[in-house]
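Top line first, the protein sequences correspond to chains Y and H.
The letter at position 120 of the first sequence is residue 121 when you use my numbering, and the numbering goes up by one with no holes.
The letter at position 59 of the second sequence is residue 43 when you use my numbering, and the numbering goes up by one with no holes.
It is worth saying that the hints were derived from the structure and are not from the lab.
Worth double-checking, as some hints may not be accurate.
[Stated by the list, open to error] Here are some chain H residues pointing at chain Y (derived, C-beta under 8 Å):
1) ALA22
2) ILE97
3) PHE144
4) LYS208
5) MET213
Just so it is clear, the structure is predicted and the values come from calculations on it, not from any experiment.
The beta carbon of each residue, even a glycine, is placed where N, CA and C say it ideally should be.
Residue-level listing of the chains:
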Amino acid sequence: MPAASTQETAIRIRNLDFAYNGTPILEDVILEIMARDSLCIVGPNGGGKTTLLKLILGLLKPNRGEIEVLGQTPEKSRLRIGYVPQYARYDPQFPVTVLDVVLMGRLDRIFCGAYAKADHEAAQAALAEMDLTDLAGRLFAEISGGQRQRVLIARALAAEGELLILDEPTANIDAASEEHLFEILAKLNERLTVMLVTHDVGFASKFFKSIVCVNRQVVLHPTSELTGELIRNMYGGDIRMIRHDHRCSPEGHCNHGIS
Amino acid sequence: MEFLNALTDPAIPFLRYAFAAGILASLSFGIIGTYVVARRITYIAGAIAHCVLGGIGAGLYCEHKLGITWFGPLSGAIVAALLAAIIIGLVSLHANQREDTAIGALWAIGMAIGLLFIAKTPGYIEPMSYLFGNILLISEFDLWMVLVLDALVVGIATLFYHKFLAVCFDEEYARLRGVRTDLYYLLLLCLTALTVVLLVRVVGIVMVIALLTLPAAVASNFAKGLWQMMVLATLFCIAFIGSGLAISYNNDLPSGPTIIVIAGLVYLGATGLRQFSSRKN
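Extracted from the complex, chain Y is given alone in its bound form (with noise of 0.2 Å):
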């Protein structure tokens, strides 16, 4: 992997167009995201976000366009990327421990019997960084929200990729807990790419340099320009007056023509 192209684009996704049973979802996606950025995606439901998150994973197929993940398909750069999904999807009854969920991260690096020593090592070393060290025997179903939350960025961290993508990790914790995932997230953003979809703006400000609206058409701004306004009009439902003002800087703002 030659390292320039790591070190300037994270993402890059061109004209990208995407319908699902012929209603489209996203059209004509154009977005460019810089590695060691962090950025959240906001949006009303519906709008797209998940399917942006899906496309960028590559577990969907774009109609139109193409994406780069750092510097290759989103199939081949799969492994190099931290997936945390949310946790309240989960079956809260399965037996699996939390050190079994961290080694989970590394499961591309074995084909059959048990994980080396390096992938128990790297499991502990994420649990240590993520303060769950004492909890990797006991249930992932026994421990809070918050805690489960951390478990599923230490097993992200332990798949040791360059960019982590979180789906929606504020919906169902409490503020305490969110104020200390943001707080892991800007030390992780010192060393990976941070990137979060969220329907939650409220906090985004804090934290994320740059936000990316999205519905069904795709714009990013630097969070200095997010205003009450920018808000309002994204939950309004018509994301075209947000088009209408903008006026962001070059290197923040990813607009028809400039890619």
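We have chain Y; now place chain H onto it with these hints.
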């Protein structure tokens, strides 16, 4: 004690065979039952089990009508179980909706085919013994078959433990870690199919599903983690089969239903106890 004497009595080898088959099969039942319960695919496992009757019927027909001696009911059962596992697995992976309807249909079609074959097989064949088990039918050859299938299931399930765990717990994440999740899901269903065949002789195809899921369900009340659940489920399965065979022998009862009733009572007791203690807390 009467039962222990009977186990060593050379005049009644079938009891010894049934006991040995039960102990051996408990390993597969504990391991695969845990996956089935944890992944919540009891219904799919039930459908596979019932489709086995189609294979048994075809096997009997081949053996008695066509004179193909090497393809009997047990070989038919194995083929039908694997075929059912793959078809049902593909339906469950690719059917976007009404998966349960399609699986329910396959469940019934499998049984219907079996009964049609049995009806056209010369001589009187009692479908009851296949549906509900009959330990008198167990031969030494069956015991060897159980040993081979058991080794295969336990070997594969242990070798790919971490893959199966990840596919059951979080299929999407496993796929993102480069695991071919569809293949492992189908492989798991095939192992479930082979496991079901192991004890068809002892408890029959209708009740085998209870023996697959109840030990694991009881174990889930006590286990910390998946492999602990597997070990406990195996021990419970041995206890259910052992005590069931003993009680049925001493009281002259059919063995399959006795085993299932014991498993069911322990399950209800454990679940009730757990409800009671959690309400107390």
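Going down the list of hints, with the structure as the test:
no.: 1; hint: ALA22; result: holds, 6 Å
no.: 2; hint: ILE97; result: violated, 34 Å
no.: 3; hint: PHE144; result: holds, 5 Å
no.: 4; hint: LYS208; result: holds, 6 Å
no.: 5; hint: MET213; result: holds, 5 Å
When the structure is compared with the earlier hints, a violation turns up for hint 2 alone.
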